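Peer 1: Spelled out, the chains give:
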Amino acid sequence: MRNKVATAALLAGLGLAGTAFAETKVGVILPYSGTYAALGNEITDGFNFALEEAGRTADFTIVQEDTEVKPPVGLAMARKLVLEDEVDVLVGVVSSGVLGAMRDFVDGAGVPLIVANAGNDGATGESCSPFITRVSFSNGQVNRPMGQWLFDQGVSKIYTLAPDYAAGHQMIAGITGAFEAAGGEIVGGEFTPFGQTSDFGPYLINAQSSGADAIYVFYAGGEAISFVKQYGSFGIDTPLYGSGFLTSPLYVAAEGEAAVGVTTGLHYVPTLDTPENVAFVEAFQAKYDRTPSEFAVQGYDAAKLLMGAVDAGATDRASLAEAIPQVSYTGPRGPLMIDPATNNIVQNIYVYETVMGDDGTLTQKVVDTIEAVQDAANGCEM
Amino acid sequence: MDAGFWILQFLNATQFSMLLFLLSIGLTVIFGLLHFVNLAHGALYMLGAYIGISAAAWTGSFWAALVLAPIAVTLIGAVLYFTLIDRLRSAGPMNQVLVTFGLIFVFIDLVRIGWGDVALGLNAPQVLSGATDLGIVSYPTYRLFLIGLGAMVMAILWIVLSKTQIGAMIRASVENEAMAKALGINVGELFFAVFCVGCALAGLAGVAAAPVLSATTGMGISILIPTLIVVVIGGLGSLEGAIVGSFIVGFIETFSAAILPGLAAILTYVLLAAVLVLRPRGLLPARA
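Residue numbers (our numbering), protein chains in the order written: chain A, 1 to 382; chain B, 1 to 288.
Simulated from the structure, these hints should not be mistaken for laboratory data. Values in this document were obtained by computation on a predicted structure and should not be read as measured data. Mixed in with the good hints, there may be bad ones.
Have a look at the derived ranges for each label pair, beta carbon to beta carbon [what the hints assert, rightly or not]:
1) A/169 - B/240: 41 to 49 Å
2) A/62 - B/278: 57 to 65 Å
3) A/169 - B/114: 33 to 41 Å
4) B/113 - A/126: 55 to 63 Å
5) A/287 - B/276: 50 to 58 Å
6) A/261 - B/136: 24 to 32 Å
7) A/285 - B/106: 29 to 37 Å
8) B/281 - A/108: 52 to 60 Å
9) A/237 - B/114: 35 to 43 Å
10) A/52 - B/136: 56 to 64 Å
A virtual CB, placed ideally from N, CA and C, is assigned to each residue, including glycine.
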């Protein structure tokens, strides 16, 4: 009984302490069901972890909504959070389709949105908005640096594969443009039916007989697992490169030995040897008992931007929208800042190879760093 | 495109056909015998993969998983049979489709709760990993195993259905249920047994496919569509129809992906439409 009273007193004390600050109301808008539910959970964990680590969970009231990877649902949830819950800021959005559906509403309502995943190039290009800040990546940004890098490794001909939807096309456009500009040749490529392709055998045989020096692909989630395993089982001797989502730490274990030697580029690798990242990975592992993925870091950095803006004195929608893109800091993925021309992130892209660690589990070896990769304005006018 | 290319694509097509066969035979026989459209069949395939992955983790053996997963899926199927399917037999196709379609989502959410949202993989056993040298080409050993497994199931089902008394009873019940009952065949028990075999094959397909594909919550729905196309093209209820349909769909999907990738997504649907117009009962329907 005494304990209960003590706890109640403590809670009351915390509540008082909480009200001493002006609370910021945050609408977290992510998929918690459907294809991308795993990403939604990773981003949420990263976001909450940053608030807890800073000891500031009491400063923020969080309302979570599920977008289900459906653009109309995403828009409805954005409306609900903005009009009904009256949040000060929105954080999240995994699917570019959902972002596209929400864009005009968020822009019109003047609510700041921190994009924690959706990589559509156009979102910080022709349809950019001063209210939308992206702290994740753009599809072109992750792949473009790999063009010159691959060519410098002596690769002169590549064959590309990706799922047949907007992100697949943008990822491949990023690599092919840069690779050709570097002097390389695209000998062939294919876009596989998205969500319907489970057997990549026919495409792998085509890639193998194309005469390419290397195969460059973008796949994610279940498709990435199937693709890498099947690539391994066919014993194809053409080396495999790709966008780093292919061998994301989130599911690389399911790919098994087939992933060893696959080299990809991404904006975050959990084995980065910087003091910021080592400390982050250790603390994250202690709490969640798993290695943080790039998605967790995107959520983490979204929270960092938000806290940075509040620290700079932002209190309402207008001041937050102004302050969020001003925040820059060095975090787990290295130095990051927001490009004032597009509100897209400027960050390092790391080339990493998946290797077998000493303990028999797959891990990542960073082989190269391309610093401060910045997207062109792509028709963005703030 | 040399000879090796064509041989590899031929093997790819055969392997995919075998997977489709394992799934469609259960679906088509259940329909032929029970007049029941069990859309939850795809969900049973998904459960086979997930249960197989857990069973392999617990026992440390792929082979144990290959046996345990079909058994577990059969038990789940039996529960479904007594709680829902038997009661819905006279409810009409619309109710059956609605209930079993709903079951898919129930099972997807159960899998999400039990196994999480991250896609999972299963490693092939050591003897079946790597590639086998076939002279002109080398081909993944595990895929050869899948082709062998499918051929074996096909042979067993063919012998049972065409050469044994049970097979004769099943064929008689498909042909004319009332007459079969009049001749003293216990149609109810027979139906239940056939339903269980169909579920076991769906579970077997799931666990056998897991090392090639990955286990995702979407796998049950995405495989359901080609499986239904196989059943419709082949003709509802017949073993021969399922075999022929599987090979037609498997070969068209594989070779269109390899040669005409732009058309890969639509060619099977064109074929489906053509069959529905020209032979609405399928190429080899069970009832003459």
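Peer 1: Are the hints correct? Go through all of them and say.
Peer 2: Hints, one by one, checked against the model:
no.	hint	in the structure
1	A/169 - B/240: 41 to 49 Å	holds, 42 Å
2	A/62 - B/278: 57 to 65 Å	holds, 59 Å
3	A/169 - B/114: 33 to 41 Å	holds, 35 Å
4	B/113 - A/126: 55 to 63 Å	violated, 41 Å
5	A/287 - B/276: 50 to 58 Å	holds, 56 Å
6	A/261 - B/136: 24 to 32 Å	holds, 26 Å
7	A/285 - B/106: 29 to 37 Å	holds, 35 Å
8	B/281 - A/108: 52 to 60 Å	holds, 56 Å
9	A/237 - B/114: 35 to 43 Å	holds, 39 Å
10	A/52 - B/136: 56 to 64 Å	holds, 60 Å
Violated hints amount to a single one, hint 4; each of the other numbered hints is respected by the structure.
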